[in-house]
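Student: These are the residues of each chain, in order.
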Amino acid sequence: MSMHRLETHLANILLYGSVAAVLVFFYVPIATLIVFSFTESRFLSFPITSFSLRWYGELFASKDFWPALTNSALLAFVSTVFATLFGIGGAIAWIRWRFRFQRAFQALTFAPLLFPQLLLGVVMLLWFSVLGSWLDFSPSLWTAIVGHVVYITPFALIIIAVQVHGFDDTLEDAARDAGATGWEVFREVTLPLIWPGVVSAGIFSFLLSWGNFYITYSLSGTARTLPTFVFSGIAVGSSPIYPALATLTFLPALLLLGLADFFRRRAAARRAIPVKSE
Amino acid sequence: MEVKPRSWRDRGLQAATLPLTTVLMVFFLVPLGLTAVLSFQSTRYYRLVWTWDLDTWVDVFTHVHYWSIMAQTITMAAACVALCIALGLPVAYAMAHRVSTLEHHITVLIVFAFLTDAVLKTFGWVLFLDRSGVLNGALDAVGLGPAATDILFTPSATLLGMVYNLLPYTIFTIYLSLVRIDRDLVLAAYDAGASKTRTFLEVTLPLARPGIFAGGVLVFVLSLGVFLEPKVMGGGTSPMAAELIRQSFETRVNWPLGAALTLVVITIGAGTLGLAALVLMRLSGRREATR
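Sequences listed follow chains A and B, in order.
Position 116 (the first sequence) corresponds to 116 in this note's numbering; numbering is contiguous.
Position 153 (the second sequence) corresponds to 153 in this note's numbering; numbering is contiguous.
One or more of the hints may lead you astray.
[Said to hold, decoys possible] Restraint-style ranges between C-beta atoms, simulated for each label pair: (1) Ala180/A with Thr197/B: 48 to 58 Å; (2) Ala107/A with Arg180/B: 17 to 27 Å; (3) Ala270/B with Ser50/A: 51 to 61 Å; (4) Ser133/A with Thr22/B: 21 to 31 Å.
Since the hints were made in silico from the structure, they are not lab data.
Every residue, glycine too, gets a C-beta built ideally from N, C-alpha and C.
Here chain B stands alone, though its shape is the one from the complex (with noise of 0.2 Å):
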């Protein structure tokens, strides 16, 4: 396929860009710079005032409370990263070289999960943790007691409908990266003599790498900002950023706040992505030059 250079003044090039560049300078650029403008801004009695001050920020870096939010929210993103690519390496594995008669029909009822109702199938998981719900219900059936298990409304709950609902991120990711790996490379491992842990560890595994990596950067990212299981599943026991922004504009109608701390969410979403762009960079140049 050939790429065509085009120029601005082209019609076809202005038809396909323009509609779509100005709603996302307008409904998305825009409004970051307002955050970043409101978050220099205080309110008095409920009330914005216009005042250019740095009383936000400072209050954002002085309390405690914040800081131990943002610790909470950065180690269960951690945490969740891990448990997704542990459970995402070998479905995606499976998907690309195994099971490939049923690779397809593997794929569409992931898909399928994924796209359902994101508060239902977090309602489902209360319904089945419930101290009255399916688990406990087979467990007693079982022999092994009533309320056997009380996971519900804790920290564990929070990060398995996390897991749940970013899964599939992983799976994709890492999938797209395993069968993009010649074929002939691992072959050639074989032919050498190579076991077949060796050849993933040394041949596969490597190759993966980017795809590996880029589906834990974005669930980490998307972590960050999870609301719903730590308030449906985690009972509210462990809050997390996003609760926290949410508080501040709905509960103490503090602009001001509210945008500050998405701000600080934003950072460390974009320096974690900054970070991965020059890591992943860094790998592929090596690889460029081991060639």
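The shape of chain A in the complex, shown without the other chains (with noise of 0.2 Å):
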């Protein structure tokens, strides 16, 4: 084998075992919260002896669970909604127009992503715990959904922009040149154009804010979501429920992403560029 043929093999060698390593890295403790959730025994130790379906039955009927579910649910749903809205108007702001104070505009845009998601718990909690004393409420869901738009929206942003960045937009002119108001053009032409990024920053939002535990513990209060429910447990000492829970919160998660390779497919089909994977 000549060196050249060596070398490539094992930059090969060493690039898909890279790849390969990487993946299981990350499936190890998901693959082993899935296991657990399955024993029958009281006491998460391995190897499993009897396999049952137990705790998810346990689960169900903590009375802990259920009102954390629909706090979860009502908070990323009511976050990914504002995230999502407040994502295609700074998208459109940051790539398609030249305004004053543009730079700023950009930079207040993003800050919140660099910022550690605890810090800004705290500094949020610290303000809210101030407006609580003057207005009279203190933390709850609501000020934990104020949290999750602010952390969030720079996400949907970007993932938007990205979508904007790509935008034709002389079929905006012939619209106008058609007779459409402005709010037609952008309802009729740009909204359509930048669905696809409009529905990924909608999922990636959902999720971000679904597994959210840094700010939702900073800020919600005594309401709790699913991962503060968990973090809240698995304090005290690890119940058996609790891998069946992780099985359960997967699901959404693999439901969106599902979702959005469809939508990825159907758009990719549309603009007749041949989808990658395949």
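Got two chains here, separate frames each, mind docking them using the hints?
Tutor: Take a look at the structure:
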């Protein structure tokens, strides 16, 4: 074998090996949780001697589970709506237009992404405590929603901005020439064109909010979501209901990613660009 | 695409930017300002007193305890950055240039792992690494003795958890810089007789440097605020800045101290970002000059 071939082989082994290793690394804790969710035993020890659905039953019977689930869903839904709406406006302003103070606008909308979440949560909690003492309210799910919107909007904005970047603006001009008003142009032309980006931003936002721990933990007061419910549970000692809960919370992520993939393929097919993975 | 100048009197511009700007000013900039103001106050008997002095700051800068935790945090963050780049670079390179048929599936797998609940995944690691966990169970089964590994509740476990949760950020930023590289430059190097290794080191790597750099900086800044991994996987044996901050708010009810410590961490993060922006500008400036 020539030196050149050997070099190529070694490089391939390194590259494919690293991808395989990192994928295994990412799925070690996930697989562990799924396997443990089916144990019969009260103690989480390996190897598992007998399997059952017992802990799923215990989870559904737990009275803290259902409020946490509905809180998580409400928080993720409302945050997603706001983050996506703000993201659409922000992305168009970032990419399509030039205006005074645009640099300041860009810096402001990007900055929350660069903050460790715990610190973002802490500084907002200080402010909500002050506001709460003036206006007589205490941290709740609603303050957590504000926190999530501040944290998630930059992510949504970036995803939509990528879509806006490849935008054909002659279509907007054509609609305007045909007599459409600004709002009509946006609704009939702009929005459908950037829709795939909007959908993925929405999905991404929902999952970021659904699995968020730090900001919820800081800002939700006594309201519990699934991540803070789990955190307070495992701080006391590991109960077998948490692997079952984990396995259930993986489901929406799986569903939404499948949905995102469907939209991506459809958008790619519509633009007649061959889908890369096939 | 044409970029259109707009005036602030434009209704569309107002609708697109003002709600977001208002929310961020009221709930992001004002809290930061408030944090700065609070760091100049004091507490007596667990109550906030408006004093406007430097006592809290003197406290922060004279206590060795705070310094050692800050040093520990920065060391862990730096180690996390090094590991994330070492692991992320080959994966990003493979995704950009090798596994083209599987690229999308790999991306989905990584995104899925990234987007699932971090608390649960960290708990999953505890179950995996625990004395009676999966790893020891498997090692025991192949005859390596019970409790062969004992890394849970050590700083190494904390670091493992941090790398686990932050690695996707490096993979995606490096990947973005790698796919943008002009393929012709790489082919030109091959034509000129350069080997694959040499082409990688002298063409691809320098062109990907901004992405590697950006990924590293992002991971560093985010590492400064981790709290879950030291608590759950490190077992509280190696306290980091975030735990210190949380304690000063919750256990000691000392808001000025918590605010000052928060500002110290934010300043380290922002300082790193500023420095990184300067270096990046120098890097791209040099490339313009040699073109």
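Student: The structure should be examined with respect to each hint, and the outcome stated for every one.
Tutor: Hint-by-hint comparison with the structure:
1. Ala180/A with Thr197/B: 48 to 58 Å: The hint (48 to 58 Å, Cβ to Cβ) holds, given that Ala180/A and Thr197/B are roughly 57 Å apart.
2. Ala107/A with Arg180/B: 17 to 27 Å: At roughly 23 Å between Cβ atoms, Arg180/B and Ala107/A fall inside 17 to 27 Å, so the hint holds.
3. Ala270/B with Ser50/A: 51 to 61 Å: holds, 54 Å
4. Ser133/A with Thr22/B: 21 to 31 Å: Given about 22 Å between the Cβ atoms, the range holds.
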